[in-house]
Every structure is written in C-alpha cells, then in structure tokens.
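Protein chains: 2
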Amino acid sequence: MIAEPQPTAGAVFSAQEFSAWMQQCLERTESALSRWVGVGAPAGLGEAMRYAVLDGGKRLRPLLVWAAAEAVGGLPAAAIRAGCAVELIHAYSLVHDDMPCMDNDVLRRGKPTVHVQFGEASALLAGDALQALAFELLVPENDGTAEEIPAALQARLCRLLGAAAGSQGMAGGQAIDLASVGKQLTEDQLREMHRLKTGALLLGSVRMGAACNPQVDPAAWEALTAYGQALGVAFQVVDDILDVVADSATLGKTAGKDAANDKPTYVSLLGLERARAHAEELCAQAHAALAGSGLADTRALAALADMVVRRTH
Amino acid sequence: MIAEPQPTAGAVFSAQEFSAWMQQCLERTESALSRWVGVGAPAGLGEAMRYAVLDGGKRLRPLLVWAAAEAVGGLPAAAIRAGCAVELIHAYSLVHDDMPCMDNDVLRRGKPTVHVQFGEASALLAGDALQALAFELLVPENDGTAEEIPAALQARLCRLLGAAAGSQGMAGGQAIDLASVGKQLTEDQLREMHRLKTGALLLGSVRMGAACNPQVDPAAWEALTAYGQALGVAFQVVDDILDVVADSATLGKTAGKDAANDKPTYVSLLGLERARAHAEELCAQAHAALAGSGLADTRALAALADMVVRRTH
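Chains as they are written, first to last, in this note's numbering: chain Z, 1 to 313; chain L, 1001 to 1313.
Bound conformation, chain Z alone (with noise of 0.2 angstroms):
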C-alpha cells in the first residue's frame, strides 16, 4: 500500500473525503454510545436512557472531539470517551428542556420526546442518569489494558466537562435563557446566553479534544479555542435562522417555536440577511483560528465549521 501523502496545513477535505471521515467517526461513536448508555440500569429507566441517546442526533459533538484530538495526535480511547460524555450531557439537556416545565414540546429528532413516550418522572430520571454516566464514562478503572486513559487526563476530562456543562456553562445559559423569555435583550445580552447555553459545551468538545494530548502546544490550545468559540456562536445564529426558514419536518423537531415563545433571538435582533452575514463572518473566524494554530492537519475541524454554517437542519 502507498502511504497517503502527509496533509499539510490549510490542506482541505474533499467532501468525499469528509463523508468517508465522518462516517468512520459516526460508526466508533455510535457503537461505543450502544455499548455504554443504559447497560446495567433497571430495565425501564435503561429504555428511557438509549431512547434519548441512541439512533439520533448528528453527533456534532462526538466529530468535534474526534477531529480536535486528531489534529493534535490525541489519545484515541480518550478521545472517544470524551465525546460519549459531551454527547451524553447534550441527550439529557434535551430531554429536560423538553419537558413540560421547559419547552413543553413533543417532537424532538422525529421521534415523541422521551416524557411523552416514557412520562415526565421517568425522562426526569432518565435526564439525571445521563448526566451522572458522563462524567462516569471519562473515569474508567485502569486495568493495565492498551485502553488505559491516565488519571491526571481523567481528571482534568471531568474539569473541562463540569465546567461545559455546569452553573458556569450550558444550564447557567439554560437559567438566562429561561429569565429572558418575553424581555428584550442586547446583542451583548444575546451572546452571553448562548455563549453559555450552546457554546460552553461546543468549546468544551474541542478542549476536552485538545486535551487527549496532555503535552499539546498551549499556541495550538489558544487557537482550537478561538476555534471553538467561533463555531459556538455560528451553531447559535444558524440554528435562529433555521427556526425562522425550515419546517419541522426538514428540522425533526418543533420549528418557528422560538418567535411562538417570544423567545429573543439573532434573527429577532439582527433581521435574516445580518444573521447570514454575521454566520458567515464566524466561520471566517474560525478558519483564521484553525490557520494560525500551527497544526498540520485541521481538515476535519475545518470541514465540521463549513458543515455547522452550510447545514440545512
């Protein structure tokens, strides 16, 4: 076999070659996540579980751990851990804020929410075990196995999604999401809520990457950083934008619910062009990042910004 030839920086993917990544990436993911989500639970609250986790999602998550680690020759059996956590944490963000007491809404990836299919005490609990199994996947017993992720990585995997998914990261944008409703924000208002309600733990995902290679380049660490903060804020303004333009069917979820809960938004704020604009003006942002980080291979990183800016749902 020839060997490929070495990527060199600002080389990019063929969407060929993005497909093939993405696929190997979604197949690891999937197949780690049905080994680990609800085995061993009591029967119903393991259904609950898998329901909320399994067969769904595009995994955006999981591919930016994946493609963070690679870039910086990370630890692969961290790397999928992490990205099984950050998954998890996002799955029970969901099933919460699906709930009656949040969003109320019934359809979520296609499929009735898990309280609508299991009840409300049952996604509750479901929520809460998600939850506890993340940080549990990122502390495996080391057993002498090739499989072995050392303690000082373990730890500091748990610090990097406690901090993504905590007061100071995804449910303390959850809270000023929730006192927002019906007021009218700032733009500067605006970005702090999703820098924390989204963005924490789309940042999180490509440091806890990063982090697989406990010896990676603090420049390299700085521009995966401003990487990740760009792409937070994208995910947001696009994910505005396909509330407004999209339907339900092509978004497998509940659409124009944002603007039927007066909720602000980057379109209620900017208008639809100046979303698209600033969209666009972020994923230059984060390509920027990705140049000047000194690694040499950030296709996939680059391909997955492209890929949160250009998606249809």
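By construction, these hints were calculated from the structure, which means they are not laboratory data. Here the structure is a predicted model, which is why all the values come from computation and not from measurement. Note that beta-carbon positions come from the ideal geometry of N, C-alpha and C, so glycine has one too. Take these hints with a grain of salt, some might be off.
Heads up, incomplete: computed chain Z residues facing chain L, CB under 7 angstroms, no partners named [unchecked claim]:
#, residue
1, His-96
2, Ala-165
3, Ala-171
4, Leu-178
5, Val-181
Derived DEER-like restraints, expressed as beta-carbon distance ranges [to be verified]:
#, chain 1, residue 1, chain 2, residue 2, range
6, Z, Lys-111, L, Gly-1119, 38 to 48 angstroms
7, Z, Ala-146, L, Ala-1077, 29 to 39 angstroms
8, Z, Gln-189, L, Glu-1187, 55 to 65 angstroms
9, L, Glu-1141, Z, Pro-140, 44 to 54 angstroms
Guided by the hints, dock chain L onto chain Z, whose structure is given.
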C-alpha cells in the same frame, strides 16, 4: 497541654465528644458549601442552588465521608470536597424528587420546596447544575498548594460518586421506586430498590471517605463497605418508620406520604415492631463491621450508626 490518650479499637464517644465532633464537622461543611455553591452562576440559578443546599439538612453524608476519612487517615482536602460533592448529589435528588411529576411535595426541611419557591423550570435547572457541580468539586486544578489532591484520587472519587449517583445507584433506585408504586414487592425487591435508592449514596459516602487514603488497607476497605451497606439499609428502615410515627413538623417534610402514595415500605412489609427490630439488628451489624476493621479509631462512625437508628427526624 496534655496529649489526649490515643483511642483504641472499641473506644466510644461520650455524647459530649460526639456533639463536639459533629459541630466541628458541620461548621467545616457549611462553610465549604457556602463558598462553593452557586458562586459564579447567573443570579437566579445561583440563588435556587443555594436555597436547595444551604441552611438545612442533617449533612449525614458529609459526616460519613469525614468520619471514614478520619478513620483511615485520609487527605483532609479530599474529604471536604468529597463530603460536599455527595451532599450536592443528595440535594439535587431532593429538588427533582419533590417536583410535581415525581412526589409533588411542597415542604422540605421546613421550607417551601425549590419548585414552589422558584418555579418548576428553575428547580429542574438548579438540580441539574448541582449534579454538575458535585463532579466539578472533585477535580480542582492542582495549583501547588497544600490543598492539592493527586489526580488519581480525583479520578477515583469521581468514579465512586458516579457509581453511587447514576443508573446503577441512586437514579436506578428511584426508577425502580417509580415503577413499583401500587405494586406488592417482596422483601428482596424492596431491599434491592433501597440498596440503590438510598443505600448507594450512603455507601458511596463511606467509600469516598475511605478512598481519601489511597493506601487504605484492603481489609479496612471491606469492613467499611460492610458498615456502609448495613447503615444504608438501616437508614431507610428508620425513614419508613418515621414516615408512619412522626408528624410533619418534626420531620420538616410531609409525613405519611408513603402510605398516601401507596408506596411499599419496610413498615408496610414487616409491620412496625419487626421493622424496629430490623433497624437495631442492622445497627449491630454496622458496629460489628467496625470492630473487625482493624482501624484504631472508628468512634465517629460508630456514633453515626447509632444516630441514624435512633434519630427522630
């Protein structure tokens, strides 16, 4: 000053000594919780988190962590964090348990429950944020001070907490509980439900305390595990008894709700007198485990077992 005599195996605390020990441990716990909970969170969320955790609760779990850590000569900085982490898991579970879709309770520790005070959505988020914070507390950045906790210990504490809190621990037990309302359970099924629902976190407290000395003797570890298991069951038996014999004012929560909710309990299964005898038997088992632990000073653990069985609320 004359040095106090070194306690020997089998020595017991006087009521006064135990009271002083408790006092000191509770002050340390309250002060740490106040320093860590809700700080840096968006205002409304931080307030709900602090309301759920501060100024209330017996702090049994932190007391157990600290007593076990003392018995094995564990690292104090780790024990204080572990105690607070376990208490946060306990507190979040109460917040979610009290919600209308679960037990729908309006009174807790003599105060309105979190969802009554702040609304359901805020209660849901505060619980979620408390769980994330529990794990965050266990993995502080090591900064070269005396408070440093080795990474291996950080990871191990996360592992023990995750197992105690998640689908194979507390959350799993709650799911069995939920599925068993209105059903006839055998004593074995009831015991299994409580082993997870209440027992896992109490056992987890003892184990996390014991883990604070990474070189803890394996025989002592096993003995403390047996102690924690007996104590966990005893706690629930007494809880079931108090639900029947105490009034709401004494309990600080709604009394008689198990019968009202048609929940199987040790009292409904064994009757009041046999339930009481069972609690005493479990207390004796806990003492026997300590006596065989090979540890020089288990006075606090012994006194805590007595307190659990003889409490009136």
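How the hints compare with the structure:
1. His-96: OK, holds: His-96(Z) within 7 angstroms of chain L, min 6 angstroms.
2. Ala-165: With a closest approach of 5 angstroms, the Ala-165(Z) hint holds.
3. Ala-171: holds, 4 angstroms
4. Leu-178: holds, 5 angstroms
5. Val-181: Status violated, d = 10 angstroms.
6. Lys-111(Z) / Gly-1119(L): 38 to 48 angstroms: violated, 28 angstroms
7. Ala-146(Z) / Ala-1077(L): 29 to 39 angstroms: Since Ala-146(Z) and Ala-1077(L) have Cβ atoms about 33 angstroms apart, the given range 29 to 39 angstroms holds.
8. Gln-189(Z) / Glu-1187(L): 55 to 65 angstroms: holds, 56 angstroms
9. Glu-1141(L) / Pro-140(Z): 44 to 54 angstroms: violated, 22 angstroms
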